[in-house]
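Just need the whole structure built from these sequences, with the hints factored in.
If you read the sequence shown in UniProt numbering, its first letter stands for residue 1, the second for the next number, and so on.
No wet-lab data here; the hints were simulated from the structure. All figures in this text were calculated on a predicted structure; none of them were measured in a lab. Beta carbons are placed, not taken as given, at the ideal position from N, Cα and C, and that holds for glycine.
Simulated pairs of lysine-lysine, DSS-like, Cα-Cα distance not exceeding 27 Å:
1) K49 <-> K63
2) K37 <-> K56
3) K63 <-> K37
4) K37 <-> K49
Label-pair restraints from in silico Cβ distances:
5) G230 <-> K63: 50 to 56 Å
6) R205 <-> G16: 31 to 37 Å
7) T3 <-> G269: 25 to 31 Å
8) A60 <-> A183: 54 to 60 Å
9) G269 <-> A46: 36 to 42 Å
10) R202 <-> K37: 44 to 50 Å
11) G44 <-> E213: 53 to 59 Å
12) E213 <-> K63: 43 to 49 Å
13) L290 <-> G208: 34 to 40 Å
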Amino acid sequence: MDTRYVQSFVTVVECGSLAEAARRLDLTPAAIAARVKSLEEDLGVALVKRAGRNVKATEAGLKVMERARQVLREVRDLHAAATDDTPLGEFRLGASTSALIGLLPPVLRRVYDTHPKLAIYVEPGTSRDLYHRTTAGDLDATIIVEPQFAIPKEYEWRLLAEEPLVVLAPAHLAEHDAHAVMASEPFIRYDRSVWGGRMADRYLRQHGIRPHERLEIDGLMAISSMVAQGLGVSLVPDWAPAWLDTLPLVKLRLPDPAPVRRMGLLWPGRAPHAQLARLFHACAQAELELPG
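Printed below as a string of structure tokens:
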């Protein structure tokens, strides 16, 4: 059985689309379809089915999906072990979109300074989706917003950063009051379907601020760029100070106490790659100068 065919099947189910799976794997949709068909012939069952424009797993496909992911994981670890003189294998790390720009780059630099042969696969996504991917066993660890519910006891959580909410505004509003700006200027809302966006929405409601909403979007980089272009103001976490300081905008502080978004590392404490998660956290702790 060719593991490339297994990878094609898993990607098709995760994407729900032959075209998107083909884009991710740099193949044609026809090649992806042929690989999945070959795998179905090997196993003697139909693994996927059409549902309108989408592709979904059949009942048999759902049964083998988790095992297929595990097979791919083991193959990646074998490749890593064969080309490396350390027994670490591959570390699969999830990172929220904002963490990719803010927290992750300096931590990765520290990781590779001390462990240059560690193989890391980084999967971006929303905190909500990455949390579920981690608890499902698809990821070894993930950098996400602290969940607003109890984390299962078998998981370890370590704080990496606290990011207070601030109002991003064009530079000419530097001397204005944060609440007054949100009430009077066009407002770019941080998507309420993500955890950070819910925090911002809760703050607005608690303080009776009804902004003149222009648009709602998930993507702190996009929001920052739009504010810098004068399209409006926004209430977001102070997520990447060094990057934000390069843009023509200002950060208006909220009255104390401002809500704080807590970013941290989550991983299953007894999983096979838990040692890699602890190694990664140790590097983060040193780079970010976190307390022990």
